[in-house]
Amino acid sequence: MKRSLVWPALLWATTLVASPAQALQVVATLPSLAALAREVAGSYAAVECLLSPRQDPHYADARPNLILSLHRADLLVVNGLELEVGWLPGLARQARNPKIQTGAAGYFDASMAVLRLQVPGQVDRAMGDIHPGGNPHFHLDPRAAAHIAVALGKSLSTLDPAHAAEYAKNASVLSARLRALAAEIAQRFAALPEAERRLAVYHDSLVYLVDWLHLKQVIAVEPRPGIPPDPGHLAKVVATVRTTGARALVQEEYYPRAASDQVAKLTGMRVAVVAGGPQFSANQRYEDYVRGVAKTLYEALHGGP
Amino acid sequence: MSNPALSLILDTAVAAYSDAKPLMTGGHDPKRNGFNLQQLELHAESSVDPYFTLQTNIVFAQFGVEVEEMYAESMALPAGLQIKAGQFLTAFGRINPTHLHSWNFADQPLMIGKFFGSEGSRGLGAQLGWLLPLPWYVELKASATDAVGACCARSLLGGNDLPVRSPGDVAYTANLKTFVPFDEDWSLSISASGQAGPNASGNGNRSEIVGGDLYLRFRPAGDPERRHLSLQMEHAVRARQVPGRSLVDQAGYAQLIGMFALRWEAGLRTEWTTGVADDPLDPEWNASRQRHSAQLTFYPSHFSRVRLQGTLDRPAWRAEPIWGAVLAFEALIGAHGSHGF
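Line by line, the protein sequences are chains A and B.
For the first sequence, our numbering assigns the number 1 to the initial residue and increments by one for each residue that follows.
For the second sequence, our numbering assigns the number 1 to the initial residue and increments by one for each residue that follows.
Source of the hints: derived by calculation from the structure; they are not laboratory data.
Mixed in with the good hints there might be a few duds.
[Said to hold, decoys possible] Simulated pairs of lysine to aspartate or glutamate, DMTMM-like, Cα-Cα distance not exceeding 25 Å: (1) A:K99 <-> B:E45; (2) A:K265 <-> A:D288; (3) A:K99 <-> A:D160; (4) A:K236 <-> B:E284; (5) A:K265 <-> B:D223; (6) B:K21 <-> B:E45; (7) A:K169 <-> A:E48; (8) A:K295 <-> A:D160; (9) B:K31 <-> B:E225; (10) B:K21 <-> B:E284; (11) A:K265 <-> B:E66; (12) A:K154 <-> A:D74; (13) A:K216 <-> A:E196; (14) A:K265 <-> A:E196; (15) A:K99 <-> B:D49.
Work out the full structure: start from the sequences and follow the hints.
The structure is reproduced here in structure tokens:
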């Protein structure tokens with residue numbers, strides 16, 4: 001009995017000894033943001049991600065262990081535009097960490113660094129789960145990611161001035177690479193004929209990608225954001241896909257497949273399922289994630305394996 | 001300057017019970033046959049400054065208004081400490097500190113009504129929370145609150161508004177909670193609670209309530225249908241000193257809640273309480289009582305729900321069981337803060 005307590009106690013003691021000397025603690029909500037933060041921070045910060053790419057960031061559970069991560073954080077990186085509003089605010093309040101509260105130097109809202117799309121003039125819940133500040137799903141657009149990388153570099157430099165030069169350099173190198181990646185992929189998609197540039201989506205989460213790659217979104221399977229389709233709307237989706245000749249239906253893996261598969265079966269279009277973010281815990285880089293998404297999308301639109 | 005986050009939540013129900021007096025113990029339960037306004041809750045919250053937040057819950061009934069909660073909470077204390085001051089629901093167990101809006105059934109558990117009162121255990125006072133410096137989540141909360149109110153301290157002074165003469169004349173509540181995330185899908189939360197304070201039988205007599213709770217949750221993280229299954233249990237033992245003896249009784253519940261498809265939830269709950277024969281402090285509830293409930297809920301969106309609930313209530317002091325059926329509707333407008341786990 002006594003022996004069983006020794007190991008946990010030792011473990012605890014090591015964390016007490018080890019913690020004061022540690023580098024900057026960065027906590028990001030989404031895997032894409034965590035992956036970007038890891039590259040900008042380099043070896044000067046430990047980056048943790050609150051959600052896995054399997055989790056829909058609209059509907060995550062407010063697990064109490066996340067309070068601990070937020071409690072220890074020096075920098076909290078959020079997507080913003082109310083994407084995390086269903087679970088993060090209560091956790092942040094319980095984190096009793098003034099460094100990461102809204103408005104503090106350790107609170108980084110990625111949406112402040114990007115050019116927002118779909119900012120509604122008028123907001124009403126009858127429109128569904130609308131985000132008043134604009135569409136929050138910019139993480140798939142490497143042009144947005146390039147802006148975020150630069151802004152992250154500035155935030156990290158403020159918090160850790162001793163390594164400001166390194167953060168600025170990392171951010172600048174990363175953002176240049178991301179812009180090059182954006183241009184390279186856009187060029188490949190530019191070669192697609194008009195008929196292969198039309199797509200449908202499940203949730204309205206690809207507007208930044210559509211804008212980046214000059215594609216055309218013809219319809220969403222959800223009649224309004226967050227509202228699952230009824231048979232009437234599905235009939236409209238099928239009719240629209242037939243009329244426009246849209247080639248692909250794109251959705252994140254955490255959205256239901258049944259409706260999309262049904263539309264695909266009736267229209268012959270392809271369903272392209274993309275991961276919700278990079279495999280951060282397996283060290284996948286943001287750029288590799290975006291390349292993977294672009295490949296899946298290209299093949300669905302153009303045909304291929 | 002930005003306004004506080006404001007929301008209004010309407011809870012209304014139509015109910016049919018086999019008895020005209022169905023013995024519902026919650027202040028916002030559907031209590032009578034026909035239409036019931038359970039409550040209209042006005043919730044406001046905001047940061048005060050970098051150091052505090054303020055939260056208020058004002059509840060409107062058809063002919064009255066009640067301040068359910070109003071408290072400031074610290075944001076910037078060191079060493080994992082957090083202070084709450086004002087009027088608040090005490091941290092006893094899982095359901096007591098929460099509101100009707102986040103419950104899985106249309107009524108309050110009998111355990112809360114019997115041991116604390118129609119509004120649950122709450123009071124004016126202060127609470128200190130401490131996030132222990134451990135590698136896993138353990139939080140200790142301890143509060144001192146006034147021990148009066150038939151609605152909120154019925155095991156303590158209840159409706160007897162006695163003056164506070166010493167530190168022993170207020171209620172003390174403590175809760176120790178831990179959370180174990182087994183993996184991305186499975187997790188367990190367990191806690192132990194205790195409350196002590198003076199009771200209404202005089203002579204410095206005291207009441208003590210000790211309880212434990214658990215919440216086991218299975219939610220496959222990548223499931224597009226957002227399905228989950230959770231088992232929640234609470235049990236508490238109460239001891240009240242009265243002249244010449246100590247009255248000991250128990251109460252608890254277990255519930256199983258499943259979100260079985262997108263927007264659809266079902267739940268089963270069984271509740272148990274014991275009673276003390278010729279209980280001078282609780283003369284109307286002096287024998288055992290069991291209640292069993294089942295519910296089916298449809299969520300049209302994140303902001304509305306329709307719930308059908310059936311109940312079989314067996315108070316030992318009634319010859320016949322009481323059957324009940326409730327159709328409850330909830331709608332939320334405005335900006336409402338995220339809920340706890």
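Verification of the hints:
1. A:K99 <-> B:E45: Holds - the C-alpha atoms of B:E45 and A:K99 are around 20 Å apart, at most 25 Å.
2. A:K265 <-> A:D288: violated (31 Å)
3. A:K99 <-> A:D160: Holds - the C-alpha atoms of A:D160 and A:K99 are around 13 Å apart, at most 25 Å.
4. A:K236 <-> B:E284: Cα-Cα ~61 Å, so violated.
5. A:K265 <-> B:D223: holds (22 Å)
6. B:K21 <-> B:E45: Violated - the C-alpha atoms of B:E45 and B:K21 are around 37 Å apart, more than 25 Å.
7. A:K169 <-> A:E48: holds (22 Å)
8. A:K295 <-> A:D160: violated (38 Å)
9. B:K31 <-> B:E225: The given pair, whose Cα atoms are some 35 Å apart, is violated under the 25 Å limit.
10. B:K21 <-> B:E284: holds (13 Å)
11. A:K265 <-> B:E66: Roughly 56 Å between the alpha carbons, so the hint for A:K265 and B:E66 is violated.
12. A:K154 <-> A:D74: Holds, at about 14 Å.
13. A:K216 <-> A:E196: Holds, at about 9 Å.
14. A:K265 <-> A:E196: Holds, because 18 Å separates the two Cα atoms, which is no more than 25 Å.
15. A:K99 <-> B:D49: holds (14 Å)
When the structure is compared with the earlier hints, violations turn up for hints 2, 4, 6, 8, 9 and 11 and for no others.
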